[in-house]
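What follows is each chain in one-letter form.
Protein chains: 2
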Amino acid sequence: MESLIDVSKGDRPADLLLRGGKIVNVFTGEIYPANIAIAGEWIAGVGTDYTEGIETIDVEGLFIAPGLINGHLHLESSLLSPAEYARFALSHGTTTVILDPHEIANVLGIEGIHALINASKDLPVDFLFMAPSCVPATHLETAGASLSSTDIEKLLHEPRILGLGEMMNFPGVLHQDPEVLKKIRAAQKDRRPIDGHAPLLLGKSLNAYIASGIESDHECTRKEEAEEKIRLGMWLMIREGTAAKNLAELLPAVTPQNSRRCLFVLDDLEPADLLKYGEMDHLLRKSTQMGLDPGTAIQMATLNPAERFGLHDRGALAPGRRADIISISNLKGFNVRHVIKNGKVAAQGGKAYSFPRRHFDGAVLSTVKIKPVDEFSFDLDLKGENAWVIGLVPDQILTQKIRLKVKKDFRGKVVCSPEADILKIAVVERHRASGQIGLGLIRGLGLKRGAMATSVAHDSHNILVVGVHDRDMKMAVQEIEKLQGGFVVVEEGKIKASLSLPVAGLMSMLTAEELASRMEDLNHAAHEIGAIPKNPFLTLSFLALPVIPELKITDQGLVDVSEFRVIPLEAP
Amino acid sequence: MESLIDVSKGDRPADLLLRGGKIVNVFTGEIYPANIAIAGEWIAGVGTDYTEGIETIDVEGLFIAPGLINGHLHLESSLLSPAEYARFALSHGTTTVILDPHEIANVLGIEGIHALINASKDLPVDFLFMAPSCVPATHLETAGASLSSTDIEKLLHEPRILGLGEMMNFPGVLHQDPEVLKKIRAAQKDRRPIDGHAPLLLGKSLNAYIASGIESDHECTRKEEAEEKIRLGMWLMIREGTAAKNLAELLPAVTPQNSRRCLFVLDDLEPADLLKYGEMDHLLRKSTQMGLDPGTAIQMATLNPAERFGLHDRGALAPGRRADIISISNLKGFNVRHVIKNGKVAAQGGKAYSFPRRHFDGAVLSTVKIKPVDEFSFDLDLKGENAWVIGLVPDQILTQKIRLKVKKDFRGKVVCSPEADILKIAVVERHRASGQIGLGLIRGLGLKRGAMATSVAHDSHNILVVGVHDRDMKMAVQEIEKLQGGFVVVEEGKIKASLSLPVAGLMSMLTAEELASRMEDLNHAAHEIGAIPKNPFLTLSFLALPVIPELKITDQGLVDVSEFRVIPLEAP
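Line by line, the protein sequences are chains V and A. Just so we're aligned: 241 in the working numbering is position 241 of the first sequence, and the numbers increase by one with no gaps anywhere. Just so we're aligned: 383 in the working numbering is position 383 of the second sequence, and the numbers increase by one with no gaps anywhere.
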């Protein structure tokens, strides 16, 4: 603190001086010329009277803002390692990311969370964590781990864990499930932030959800929903990710009076979207192009998330705050020029400087454990002629429950009808090699031959496979095991394309660029065997999520989501 | 939590329902009709669809707002006990008060703070505390106690202590006094709020003061000063008390963009002003009459202080927050009608319901310990003819250092010259009966006969006495000892008026009304013996404060404030 005060007082030159910029003051909304004097990792002074620096960066003509804070991200969806995400985010001006490691926790529990915490240590982006509140997501699937309220309590005492992650189990809150309430109380006891997840919840149910202690929501899809949630005291997290884009719908809910309660988040983002759009800078660009005042937009990515998460050491250009600073060439395009993290230039001109990386090892790299599958693993019995079939709805993650007449082979087993777009789908438990397989049928995916498999299948991340031929499905599942997780496309006995995701079966060690290109190849291969969705692996990844209506599949079988139970294939 | 959620969901009627009001939503600035359902101490639901209550209050036509939060108060200056202050504040809509028990700490240290914490327990107003950072205020006076950084650290672990109180020792911060920095670090370590006190501090010194970790200021007197402090990240506490009134000057600094960083405080308030103007409601009334948007004004007395102090359980009308709620008949006059604290009606129509009170006892009630004084205790020696004299400046707490020719008696001792308004002034150490007395002369007080004495003399609260005759001064001091603190007016050998302040020599057990009336008698008596200032005891109370220029007096003698040392009476 001593040398910081010396620089503030002007008794010592700054370690680093940013000279000539126009600062965006997030406390007042003003933009005015000021230099910034940095001492070590901290901002020592802001004002035109700071003119001496051991190092100086001329930022004449540039706008200077605090480093951006991404308030909610599932890193796993990017498929990137923390270091690789950091490299990317940093080059786009993000210096703090709040992670909810929900996916890896479903595979590896506390061990997985610790692996992510360790692999994201000492990077030039601060990764902070919310303890995942809903592992497993439901009792209708077999996850690799579960987190009890006792686990949550332990996690909350760890240094980089800020609070309780999105409470998706809103029925559990409303029905006062004791374990759910214990998790909330554990966070409340120490006044820790508690994130919510309550799509379409309104009225008395919403009041009850908030009364329990939940403070934010990132699942709003309509303006009126967002307004009601803000009025009732929730922090509105406006999400713009790969699977869900809510900015256009929600921005009209943001007013000068309520904007202090609003922040931007990404939630889930694919590598191709990161490359195409950027990180938080994308939200700044897009929101200002839609008419949001740039000062307000910057507040929603800096001061507001800092206040929401109690991160009073950052989020503003002020003495005593962390020297996390970006320069921007203009306030509409939001082209980030310099990125300073903890007082050091960490990226410039869209390129992050290299930094030491930590790696994953041990159990995290071998998580795919299955009982061997064979030709008969996907045999599907049916007494009558009609089956319940999962009906894909284009561009939606919800599905339909449809009743269809199906064909059988000489053994009396159900067979695919590619001509009618009826394919087999299976979820193979892959955490404990139990051999448990959920089997069903799907319409709307479009495969004409071969099979596709993935180990990214929300939320339990078992192996999900679809195909025309059992033999190709078997091969795809075996390949996923060999790769220890990933994406596979098989065509008539041959691996057509594949990508290894060895980190918990969810993440890669590749760069964002490599991954985006590999994903393009995979999608191309999937489209060649007939896949209809633009992003077929993303589509597959939601088919095992038994909280989105109407019909889903887990390793325990077909799940009727509205009845919230496993149902037989047989349709009466 | 269970019954709270039941009421939220509508499965149980509210314990208390507020029906028909228009709520002031501090998150959005909107005002709209909504009922409020309360379960126990908490708000369960807000909305027109809550219609069932075991008890119901009809608030048709009234505005409903959160209970007011006073962000900074020295309770001791009101002379009132916590219970009596609570009765008063409550009737004006205040449900939370943040105290800095700086005065009692100067008398009794930690014991004094604990006495205040205990006496303010379980009242229908929440008294929360900041640990006083500067006890004693300077080394030029003898206080009853001192608080080290170790003491502060201990205090910060106590349940109702929120953070570190106003750091008045800004030179200590700037010169990096290790004890000062340790106190700040102790609070920073646990991310506790740290209040500031930095009149006129600007530029690099202000940057350094803020860089050290100090987060707020309530000493701004000019708009530009307030603007600079907000820009640099300080919370602006706009003060309107008895001795200092800054609202008119500072309100123009508040903008729609920066108002989230602004809050109202009272700091110091006399009982007569409380009765005349009210408590926080006075600031709401006055600021809106000056043109501030009422919604913003209410935010500055509710949500903003709640956020500044991390009190996320209050400050808004939202589910899960404490049911601290007021009704107001109109948004200009701010006439508070109902006050609900923790879900119970605690005041109505300007009258608080009675509640159990705790009392002070033990050491707190016997703190005035002096070595006996006699006729010669106030003998004033001078070699030459000229003395340094404290020159009062009307309506200011600063004084002038003036050089005057004085008269002597047959023994060669200096005597008063009431015809020239030159009086004797003395500060008698009263914590350890050391017999230490600081002696001097004062011009501008106006006494023609008799003497006045007080045990309220910032910040060490020794006995300050002024008079025309030594004999009356002696009597006044002896009377203060007999009363164990208070105010005394003596006229020619007789106690003309007195008030006992037995709680640490600072506070009374009387009601606000009784006190105001007794103070009126005292002021009247003082005016009768010639006192010029409107509020002569208030004037006296600042004469021992050696941080306000130019010439002050402590038990150690005359203090030249600009030289920050004790000087002799002798003027060259």
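Since the hints were derived computationally from the structure, they do not count as laboratory data. For clarity, every value in this text was computed on a predicted model and none was experimentally measured. For each residue, glycine too, the CB sits at the ideal point set by N, CA and C. One should not assume that every hint holds.
What the hints assert, rightly or not - Computed beta-carbon distance windows for the label pairs:
1) V:Pro171 x A:Gly362: 49 to 57 angstroms
2) V:Phe564 x A:Lys154: 39 to 47 angstroms
3) V:Glu514 x A:Leu200: 41 to 49 angstroms
4) A:Gly362 x V:Ser146: 50 to 58 angstroms
5) V:Lys223 x A:Arg160: 49 to 57 angstroms
6) V:Asp395 x A:Gly291: 45 to 53 angstroms
7) A:Gly61 x V:Lys189: 37 to 45 angstroms
**Q.** Pairwise beta carbon distance, V:Lys223 to A:Arg160, judged against the given window 49 to 57 angstroms
**A.** At 42 angstroms between Cβs, range violated.
**Q.** A:Leu200 and V:Glu514 - C-beta distance against the hinted 41 to 49 angstroms
**A.** Given range 41 to 49 angstroms: violated, Cβ gap about 59 angstroms.
Q: Determine whether the Cβ-Cβ distance between V:Asp395 and A:Gly291 falls within the hinted range of 45 to 53 angstroms.
A: holds, 51 angstroms
**Q.** Hint check for A:Gly362 and V:Pro171 - Cβ pair distance inside 49 to 57 angstroms
**A.** Given about 55 angstroms between the Cβ atoms, the range holds.
**Q.** Verdict for V:Phe564, A:Lys154 (Cβ pair) under range 39 to 47 angstroms
**A.** violated, 53 angstroms
**Q.** Whether the CB-CB distance between A:Gly362 and V:Ser146 falls inside 50 to 58 angstroms
**A.** Once the Cβ atoms are compared, 55 angstroms apart, the range 50 to 58 angstroms for V:Ser146 and A:Gly362 holds.
Q | Supplied distance hint 37 to 45 angstroms, evaluated on CB atoms of A:Gly61 and V:Lys189 | A | holds, 40 angstroms
Of the numbered hints stated above, those contradicted by the structure are hints 2, 3, 5, listed in ascending order.
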